[in-house]
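Got chain A; can you put chain B on it based on the hints?
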Amino acid sequence: MRGALLVCKKEFMELSKDRKTMFFTFLMPLILYPLLFTMMGKLSQSDAASRKGKPSRVQVLDPGQVVAPLLRADAKAFEIVAAPPGDVKQAIRDQKLEMLLEVDAEAAAKLERQQTFGLKATYDKSDDSSKLALSRLKEVMTKQDKGWVQARLKALGASTDLAVPSRLETADAGDMGLFVGKLLGGILPYILMLIMFAGSMQHGIYATAGEKERGTLLSLLSTSLPRNQIIWGKLLYVFSIGLISALINLLSMGLSIGRMFTAEASHGAATAATGAQGMGSLAALANPLILGLTFLLMVPLGLLFANFIVMMGIQAKNTVEAGTAIMPGFMVVMVMAVFSMAPGIEKLAFLPYVPILNVSLAIRKLFSQQGNALEYAIAFVMTVGLAGTLTWLSTRLLNRESALFTV
Amino acid sequence: MIQLMDVHKTFTVKDKKTRMKKRIEAVKGLSLTVKPGEIYGLLGPNGAGKSTTLRMIAGLMQADLGRIEVCGIDNRVEPEKARGMVGYLSTDLNVYARFTPRELLRLFGEFQGVDAKVAERRGMHLLEKLQLLDFADVKMEGFSGGQKQKVSIARALLHDPKVVIFDEPTTGLDVLTAKTVLDLLRIMRSEGRSVIVSTHVMPMVDEICDRVGIIFDGALHGDAPPKQMLESWGVKTLDEVFFKLAAQSAVEV
Numbered sequence: 003m004r005g006a007l008l009v010c011k012k013e014f015m016e017l018s019k020d021r022k023t024m025f026f027t028f029l030m031p032l033i034l035y036p037l038l039f040t041m042m043g044k045l046s047q048s049d050a051a052s053r054k055g056k057p058s059r060v061q062v063l064d065p066g067q068v069v070a071p072l073l074r075a076d077a078k079a080f081e082i083v084a085a086p087p088g089d090v091k092q093a094i095r096d097q098k099l100e101m102l103l104e105v106d107a108e109a110a111a112k113l114e115r116q117q118t119f120g121l122k123a124t125y126d127k128s129d130d131s132s133k134l135a136l137s138r139l140k141e142v143m144t145k146q147d148k149g150w151v152q153a154r155l156k157a158l159g160a161s162t163d164l165a166v167p168s169r170l171e172t173a174d175a176g177d178m179g180l181f182v183g184k185l186l187g188g189i190l191p192y193i194l195m196l197i198m199f200a201g202s203m204q205h206g207i208y209a210t211a212g213e214k215e216r217g218t219l220l221s222l223l224s225t226s227l228p229r230n231q232i233i234w235g236k237l238l239y240v241f242s243i244g245l246i247s248a249l250i251n252l253l254s255m256g257l258s259i260g261r262m263f264t265a266e267a268s269h270g271a272a273t274a275a276t277g278a279q280g281m282g283s284l285a286a287l288a289n290p291l292i293l294g295l296t297f298l299l300m301v302p303l304g305l306l307f308a309n310f311i312v313m314m315g316i317q318a319k320n321t322v323e324a325g326t327a328i329m330p331g332f333m334v335v336m337v338m339a340v341f342s343m344a345p346g347i348e349k350l351a352f353l354p355y356v357p358i359l360n361v362s363l364a365i366r367k368l369f370s371q372q373g374n375a376l377e378y379a380i381a382f383v384m385t386v387g388l389a390g391t392l393t394w395l396s397t398r399l400l401n402r403e404s405a406l407f408t409v
Numbered sequence: 012m013i014q015l016m017d018v019h020k021t022f023t024v025k026d027k028k029t030r031m032k033k034r035i036e037a038v039k040g041l042s043l044t045v046k047p048g049e050i051y052g053l054l055g056p057n058g059a060g061k062s063t064t065l066r067m068i069a070g071l072m073q074a075d076l077g078r079i080e081v082c083g084i085d086n087r088v089e090p091e092k093a094r095g096m097v098g099y100l101s102t103d104l105n106v107y108a109r110f111t112p113r114e115l116l117r118l119f120g121e122f123q124g125v126d127a128k129v130a131e132r133r134g135m136h137l138l139e140k141l142q143l144l145d146f147a148d149v150k151m152e153g154f155s156g157g158q159k160q161k162v163s164i165a166r167a168l169l170h171d172p173k174v175v176i177f178d179e180p181t182t183g184l185d186v187l188t189a190k191t192v193l194d195l196l197r198i199m200r201s202e203g204r205s206v207i208v209s210t211h212v213m214p215m216v217d218e219i220c221d222r223v224g225i226i227f228d229g230a231l232h233g234d235a236p237p238k239q240m241l242e243s244w245g246v247k248t249l250d251e252v253f254f255k256l257a258a259q260s261a262v263e264v
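If you read the sequences in order, they're chains A and B. Using the working numbering, the first residue of the first sequence is number 3, and each one after it goes up by one. Using the working numbering, the first residue of the second sequence is number 12, and each one after it goes up by one.
Keep in mind that a hint or two might mislead.
To be verified - Here are some chain A residues pointing at chain B (derived, C-beta under 10 Å): (1) L8; (2) K19; (3) T218; (4) N401.
If you are wondering where the hints come from, they were derived from the structure by calculation, not from laboratory data. This structure is a prediction, so every number in the text was calculated from the model and none was measured. Yeah, the Cβ is synthetic: ideal placement off N, Cα and C, and Gly gets one too.
Isolated chain B, as found in the complex:
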């Protein structure tokens, strides 16, 4: 279970033109809940605040205001415990290329406090599911982007997290690899995990998400199953929701 309650996040950035520091509110009073056995799609254009929200849930960033709970644990009060519940994957993340997938998984198993034998068994099982078992003992220096992404997925799931956060999980992947990732997400849902994904790929949302939330300019605009979302906005595709939001935002400005 993931719970965000009135979460705010502000960054201080330097304006290159004026050379003055200014504050940007990246997330404005966001509240949402992802139940166990549910895939939640967090949608939004670039810079809307998706990655910041996911990083806050993963415990990589702290909210300025509000409360984030992962499996009932406040991630500000018990950050390590909360992070232990989360499997986080992002396109910003890379693998330690000097290691083989087996070595990397063994090491991350130790970091997450997983028994060595369990980590080995679970790591190899994940690599098999991701069709990467044949490369378990090959140095990752020569791996393609897709292969590295698969190892990252295995790394994120190695400690059997109750909460899975995938930020743009299929970006840069070929159709076959993307399908493997989506199948894995479905398995995780069936295993009762709370899954939250951010993506630009709308067909993927239709295919796997039980509920979607559209984030625009740091605020959540709607939180409903995909079909209900379309009906409420009176549009046929989720892309159109973005266009409407952008138009609204322009009028407000």
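So here's chain A without its partners, still in its complex pose:
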């Protein structure tokens, strides 16, 4: 094993000489995610704040002046505007106003006769400001309707409870930790798979086909190091880079998302309690057993990816050929990663026997606290077996002269 460690050390030494690659591999994720999520958080906060602080511009067509005074009275929420030139719908789409409200011309008379009058709101469903205008209108009208109903009941001498036969109260029996766990368990395998593969791909190509292309592999093979140790050293390097990349990205992403949630929760007093509960649940998910078991699954998965990359890299004549050979593998992993996020896939009976996907399933179940020891064991053993087979194949390939020399 000494030889493998030496080869791995050589690869890391080479990497350490390339400051740009070091920066993009190890430091960039630590800068990128906090920057990205802070910006996203700030943008969403300032967007929401600016929408909430601004009255909705509404053109009101209300000949009977039944609803218009209600809106005019709430100047913080509504601004009655004149008819824009041209098509009103286009004006809403162009964000010149948020809503057009047309009130039945007979509204006052119908109210008087204790009949129902109609209102028609035209808004843009795809625009948040326009949706806010509608929700503000609904709020005003619900309150007003309640007042009108109570007045009518009072006029009839009936109890105000007549219009409210029942009152529904709700209580959330769900566990926030479980909810966050399910959410995280759905996304985590996707992130792990993609980052582990993509993070180690270029390094794997550099260490295999790249060495061939640069003419350095033969000098390594001419030493007294056993061939299998050379391949194991390269595998160890590619695997380590994949694992380190995944851990750095996860750490950075996790902390950034957590920070964004906290900031958003503290921003709105109404959601503060929910946010704090969510964060508390996230902290509860930092169960060493769950994290340890997840890490244990990542090891053979990373080895499997590293083996595939090294195997393809060794067979290729140059880095371009290696990249082309590895890309279909990456596409397969990407499709599997996306598939693993699909809701309800855990119910598929064959899934524990599908390589890679069974790892995703096991991680998913660990985080949603539905871990199944047998499924976990199948995923682990199957991935270890596959990784071992590929290691054996890679070692054999490095002994194949046609893979090393262009005859």
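For chain B alone, coordinates are given in the frame of chain A:
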């Protein structure tokens, strides 16, 4: 000591025209011996089988048939041990350009199981001999071809090999650097190492080789000291031997 006994090597290649695979016998029953303290010149035109023979001796390739021994070790039975006895240099080989010569030599010292202090001392001594000591701590990215070749030589000799294999050691080198390499080969001979070199440069053969073997179409045609070789072929230069062999080969075809 290097010993090759009836060594055969065949490659399978794809014919671009017919798209069929065909077998090419690159080395056909080659036998030769290089004694300690001897420089053996392996001569031959391009594609004759020189590099394949040297790669087989270096343990980078395996012979299909026959036996190769390096210092009495069968390189098929104990490949790592045999490779540890060999210092191999080829124009196909390059240096790890991100490293400095010192770093590279330290690393290869570890690969070859040489003690760190010994590797450092021996590496610097070799760089001094190759007039490259001033560049010991400079990244090799900006090195010329000659400078890289010198570092490769130091790398090949770092573990004090008993057998030295240099495939075209002076190709692409200027006259001064080539002279340094030839001087180093002479030193290695005087130290009792078995040296085998392949080259196209005939004056170099006259100058340093104790014995030459001419390889043509995978087979060895003559194995003798340079002067004796010329006499046996009845020619004045080794180039003429090639011409005669080529003519013979054309008649046979």
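How the hints compare with the structure:
1. Using the Cβ-Cβ criterion of 10 Å, the hint placing A/L8 at the interface with chain B is satisfied: the shortest such distance is roughly 5 Å.
2. The criterion of a C-beta within 10 Å of any C-beta in chain B is met by A/K19, whose closest approach is roughly 4 Å, and the hint holds.
3. Below 10 Å, beta-carbon pairs count as interface contacts, and A/T218 has one with chain B at about 5 Å; its hint therefore holds.
4. The beta carbon of A/N401 is positioned within 10 Å of a beta carbon in chain B (closest approach about 9 Å), and the interface hint is therefore held.
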